[in-house]
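Using the sequences provided together with the hints, build the complete structure.
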Amino acid sequence: MPQDVHSKTGFQGARVLALESRRAREMAQLITNHGGRAIIAPATREVPAEDHGDVAKFVRALRNGELDVVIFLTGVGTRALAESARAICPREEFVAALSGVTVIARGPKPVAALRELGVPVTAVVPEPNTWRELLQMLDEKRDAIPLQGRSVAVQEHGVSSPELLAGLAERGARILPLHIYAWSLPEDTTALREAVEAIARGAVDVLLATAAVQIRHLLQIAEEMVLRGEMLRALTRVFVGSIGPVTSAALRESGIHVDLEPSHPKMGFLVKEAAEQCATLPKKP
Numbered sequence: 001m002p003q004d005v006h007s008k009t010g011f012q013g014a015r016v017l018a019l020e021s022r023r024a025r026e027m028a029q030l031i032t033n034h035g036g037r038a039i040i041a042p043a044t045r046e047v048p049a050e051d052h053g054d055v056a057k058f059v060r061a062l063r064n065g066e067l068d069v070v071i072f073l074t075g076v077g078t079r080a081l082a083e084s085a086r087a088i089c090p091r092e093e094f095v096a097a098l099s100g101v102t103v104i105a106r107g108p109k110p111v112a113a114l115r116e117l118g119v120p121v122t123a124v125v126p127e128p129n130t131w132r133e134l135l136q137m138l139d140e141k142r143d144a145i146p147l148q149g150r151s152v153a154v155q156e157h158g159v160s161s162p163e164l165l166a167g168l169a170e171r172g173a174r175i176l177p178l179h180i181y182a183w184s185l186p187e188d189t190t191a192l193r194e195a196v197e198a199i200a201r202g203a204v205d206v207l208l209a210t211a212a213v214q215i216r217h218l219l220q221i222a223e224e225m226v227l228r229g230e231m232l233r234a235l236t237r238v239f240v241g242s243i244g245p246v247t248s249a250a251l252r253e254s255g256i257h258v259d260l261e262p263s264h265p266k267m268g269f270l271v272k273e274a275a276e277q278c279a280t281l282p283k284k285p
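For the sequence shown, this note's numbering assigns the number 1 to the initial residue and increments by one for each residue that follows.
No lab work stands behind these hints: they were computed from the structure.
All figures in this text were calculated on a predicted structure; none of them were measured in a lab.
A few of these clues could be false.
Stated by the list, open to error - Restricting the straight-line Cα-Cα distance to at most 30 angstroms, the calculated cross-link-like pairs of lysine-lysine (DSS-like) are:
1. 109 x 57
2. 109 x 141
3. 266 x 141
4. 57 x 266
5. 141 x 57
6. 109 x 266
Stated by the list, open to error - Pair ranges (Cβ atoms, derived):
7. 253 x 184: 33 to 43 angstroms
8. 224 x 259: 20 to 30 angstroms
9. 66 x 254: 39 to 49 angstroms
10. 182 x 224: 14 to 24 angstroms
11. 25 x 92: 29 to 39 angstroms
12. 166 x 121: 19 to 29 angstroms
13. 201 x 146: 54 to 64 angstroms
14. 201 x 127: 34 to 44 angstroms
15. 63 x 232: 31 to 41 angstroms
16. 127 x 254: 19 to 29 angstroms
Ideal Cβ positions, reconstructed from N, Cα and C, are used throughout, including at glycine.
If you want it as C-alpha cells, here you go:
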C-alpha cells in the first residue's frame, strides 16, 4: 500500500476493491469520499428461486391461521415475497393476515420493507444481526414468543440458513422455509475477473466485503482463472474489511485474514472505519 496512506487520515489514494452489487454506486461514492480509489466488481446477482410452491404453501398457511411466527431475514426477500403473494391473494388480505402473527425482522432492511407494507414488527434482532443473535433473542423472549409446538416460517437468504433452522427445530418449532431468491454470479463477470487479476498482481490495497457469497464467487472465478493460490497469497498484503461475523467466517474459512469488522454492520461504518484504521496500521510486508 502506498506509504502516504499510512501517514495521513483516510484512504489517501489507496486502491479499494469492493464486491458490492445492488449498492455499487453508493459504495463507490463512499470510498471516494474517504479518499480512496474505488474499484467496484459486482460479485452477485439475485435471481428468483426455482418455484417449488414455497410462496403458495406460505400464503395458504397464513390465510388458514396455521402460522404462529414469521421470521424475515432480508429486505429484498420480504419485498419479493409480498410481490409473489399478489398473484395468490389481494395485498390487503395478505397484509392483514401477516399482521395477525408474530413477525420477527433480522435487522433494519426487513424492518423497512415490512413498514412499507404496513405490517407491525414484533421483535428486531440486535446487531450484528446473525442467526446467533436471533436465537439468543428468542431464548430471552421465550415467554412472549414461545416456539415449542409452534409453526414458524423463515424467509431465507439467497442460500439456506442451516444453523438457524436447526436451532429453531431444537427449540421445538415446526419450520416452513421460504426460499424466495438465490444468488448467482453476475451475467457479465468481466469486472470480477479483472478484480482477481488486480489482487494477484498487487494492484489492490484494501478489500471490502459485505456478504459471504461475494467471497465464494470471488474464489470461484479465481479458481476458473487458475489464480486462486496467487490471489490468496497476494491478499496477505491487503487490508481486509468485513461487514460482520458471517462474512468474516467465510473469509477465514477461505484462508483470508480479516483486519476489521466495523462497530455496526453497515456499509457506511465499514468504509469509514476501514479508512481510519488502514491509515494508521504499519505497511504489510
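Quick rundown of the hints versus the structure:
no., hint, verdict
1, 109 x 57, "holds (24 angstroms)"
2, 109 x 141, "holds (22 angstroms)"
3, 266 x 141, "holds (26 angstroms)"
4, 57 x 266, "violated (33 angstroms)"
5, 141 x 57, "holds (27 angstroms)"
6, 109 x 266, "holds (11 angstroms)"
7, 253 x 184: 33 to 43 angstroms, "violated (21 angstroms)"
8, 224 x 259: 20 to 30 angstroms, "holds (27 angstroms)"
9, 66 x 254: 39 to 49 angstroms, "holds (41 angstroms)"
10, 182 x 224: 14 to 24 angstroms, "holds (20 angstroms)"
11, 25 x 92: 29 to 39 angstroms, "holds (35 angstroms)"
12, 166 x 121: 19 to 29 angstroms, "holds (24 angstroms)"
13, 201 x 146: 54 to 64 angstroms, "holds (56 angstroms)"
14, 201 x 127: 34 to 44 angstroms, "holds (37 angstroms)"
15, 63 x 232: 31 to 41 angstroms, "violated (50 angstroms)"
16, 127 x 254: 19 to 29 angstroms, "holds (24 angstroms)"
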